[in-house]
Amino acid sequence: MYRLNRLTKALTRILELASMFFGTMVPLSVIALVTYLLWRSTALSLQDLSGLLGLVWTPTEAKYGLVPLVVGTVSSGFAAVPLVLGLGLPAALYMGVFADRGKRSVLRMVMGTLAGLPSVVIGLFVLGSLGISLLSAALAIFMLVTPQYVLSVSGLLQQTAPTVVLAARALGLGDLAVIRLVISETLSGVLGTLLVALGRGFGEAVALTFVAGNVATLIPEWLGPIRTLTTTIALELDFAADKHYAVLHVVALLVMVLIATTIALGRWLISRSKSHDS
Amino acid sequence: MNDINVDHTENHISSPVIECVQLANARKWTSVTQIYQFIGKFCLFHSALALVLNLSACGDSSQREQLVITGASTPVPILMHAADVMESRNPNLRVHVQPGGSSKGIRDTIEGHNDLGAVARELSPAEREQVHSIPIARDGVVIVTHASNSLTSLTKNELFAIYMGEIDNWRTLTGADRAITLVHKAAGHGTRAVFSQYLGVKGSQIKPHVVAGNNTQVIKTIAASANSVGYVSLADVIAAVEIGTPIKAIELEGVAPTLANVANGSWPIARTLYLVSKQATIQSWAEAMVEFLRSEEGSRIIEGANYVPLKPTH
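As they're listed, the protein sequences go chains A and B. The opening position of the first sequence corresponds to residue 1 in the numbering used here, with each subsequent residue numbered one higher. The opening position of the second sequence corresponds to residue 279 in the numbering used here, with each subsequent residue numbered one higher.
These are calculated hints, taken from the structure and not from any lab test. Fair warning: this is a prediction, and the values are worked out from it, not measured in the lab. Treat the hints with care, as some may be off.
A few chain A residues that face chain B, going by a derived Cβ cut-off under 7 Å, partial list only [as the list claims (entries may be wrong)]: (1) Glu61; (2) Tyr94; (3) Gly128; (4) Gly213; (5) Asn214.
Listing some non-contacts, in silico: residues in chain B with all C-beta distances to chain A over 10 Å [as the list claims (entries may be wrong)]: (6) Val346; (7) Glu365; (8) Asn370; (9) Gly379; (10) Pro403; (11) Ser431; (12) Glu444; (13) Ile445; (14) Gly466; (15) Lys485; (16) Val488; (17) Thr499; (18) Glu529; (19) Ser544; (20) Ala566.
With a Cα cut of at most 27 Å, we get these calculated DSS-like pairs of lysine-lysine [unchecked claim]: (21) B/Lys498 - B/Lys485; (22) A/Lys63 - B/Lys480; (23) B/Lys485 - A/Lys63.
Note that CB positions come from ideal geometry on N, CA and C, so glycine has one too.
Required output: the full structure, derived from the provided sequences and hints.
Structure below.
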């Protein structure tokens, strides 16, 4: 019995070390990635770096202004927000608050499937149904991020809602008042989850190469093309050389920073909503 | 009475939620040991997997030989087919074909990342000094619209006006009052270089509505929007039309866009497809690939893929 105990302890220790090793691999690889991108970017002089603030992206003429690309990424992401909120939030409310167990598990399965759709499929679907424009790009991002958004928000609501609903029903309030109460209780979590979803949208490339039009535009129109940071990498990395190649690594770095900031902000909001509840 | 009603509603709404929470609680790991059991299984499985993968990889490198071709996406159908035939005759050979644009093909060749580069445009003088080029086939670049467009032919001047934005509506050409959606290819692609050269402009002078990455994407884009116009390899158009994609190729300067017209030299935007290598003497499998493509059998494969073979040299 004693030996068995020692064996278990030793085994536990080994597993502990192993899990620590694998656990640290992830942050280490992120650091390695950032270092690699920074190292690739050092090929640029200070003058080149200031050129990145330019308004024109024409690599064949050595004009590497990143502003239109940032505009494309941010505008397509934010254009998707009304869709995500308008359609995603009611779905999440239904799933998290009103649906019974059977319906909820069916919905969760459907949302899980949608969340797992490869983005090429979504890209081709949107291209076929809506053509090429900023609007299509927003629709593609909406389709990509909404299922996960609905799942996260409904989970959040499930944690908070029961007590609120109990109290509200006890006061004899109707559905609309219940919804208002539940949302106001979880508002920062709902918005935080939206930012996390938006961060994922900023990182999307494949679907957008099909539907965004990929023309660098400074002032996008709803029915005109845009070009995002990620699609630029996808379209140009293969043939880029020298300075252009280095600039694309700066673009990659920028995408990472943009996503990390958005998601960090979102997580902060979510954590605030949780501490608020308890 | 009222009280009972409220009570009832409460239960109805909240009981599934409570049950759910209870279920989740019941499923939670109750002890640390269980977590480690899980991690343990995970680690064992993955180390076993890694071991198997390593072993098979070792087997690969000791017995198999490989030929790596990167570059233009245009000749990929030819190269894939030729690779299949060569692999079936030499079981130890693996041919990797990776499309990514002509410029990448040349750069990879110069940097030694491949055995052969594929190029779908003429080489620049600077490129000619650094790599050795071997012509393998001829191809036409054709103008494509949606199948529903009533346009049947264009002159070079009209094409120029469309691509320079002087004609931006189909009205003057077909009578249909619809804005033209101009499709261009991303920089670095041979098709773009050949097309721009034909119009006598720089690729960056064209202000498109859509920039597409490869030939397939151009075709998908045009099939999806009724008012678009683009340019793409004739072979890709023939293949796409065969499977029912709603696009069509347009006559240019009164010449029909057919393989026969590319072969006899009357089609105005034709190009030679090349394989390039770092030196004139090349790796034996690369040599075998070039010889195969120049043989009678290779010519049939090239024709089958809707390109024009060069006459066999011997």
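Interface hint status, A/Glu61 versus chain B (Cβ within 7 Å): 6 Å, holds
Agreement of hint A/Gly128 with chain B interface, Cβ distance less than 7 Å: 5 Å, holds
Holds or violated: B/Lys498 to B/Lys485, with C-alpha atoms at most 27 Å apart: 20 Å, holds
Consistency of the no-contact label for B/Ile445, given chain A and a CB cut of 10 Å: 19 Å, holds
Non-interface claim for B/Ser431, where every Cβ of chain A lies beyond 10 Å: Non-interface label on B/Ser431 holds, nearest chain A Cβ at 26 Å vs cutoff 10 Å.
Claimed clearance of chain A by B/Ser544, with the beta carbon kept past 10 Å: Holds, because the least Cβ-Cβ distance between B/Ser544 and chain A comes to about 31 Å, which exceeds 10 Å.
Given hint B/Lys480 paired with A/Lys63 - CA-CA distance at most 27 Å: Status holds; Cα separation ~15 Å.
Interface-negative label, B/Glu365 against chain A, beta-carbon threshold 10 Å: Label holds. Min Cβ-Cβ 25 Å, cutoff 10 Å.
Outside-interface status for B/Glu444 - nearest CB in chain A farther than 10 Å: 18 Å, holds
Interface exclusion of B/Lys485 relative to chain A, criterion Cβ beyond 10 Å: 8 Å, violated
Non-interface claim for B/Val346 versus chain A (Cβ beyond 10 Å): 15 Å, holds
Separation of B/Gly466 from chain A, once the least beta-carbon distance is taken, above 10 Å: Given a closest Cβ separation of 3 Å, the condition is violated.
In this structure, the hints that do not hold are numbers 2, 9, 14, 15, 16 and 17, in rising order.
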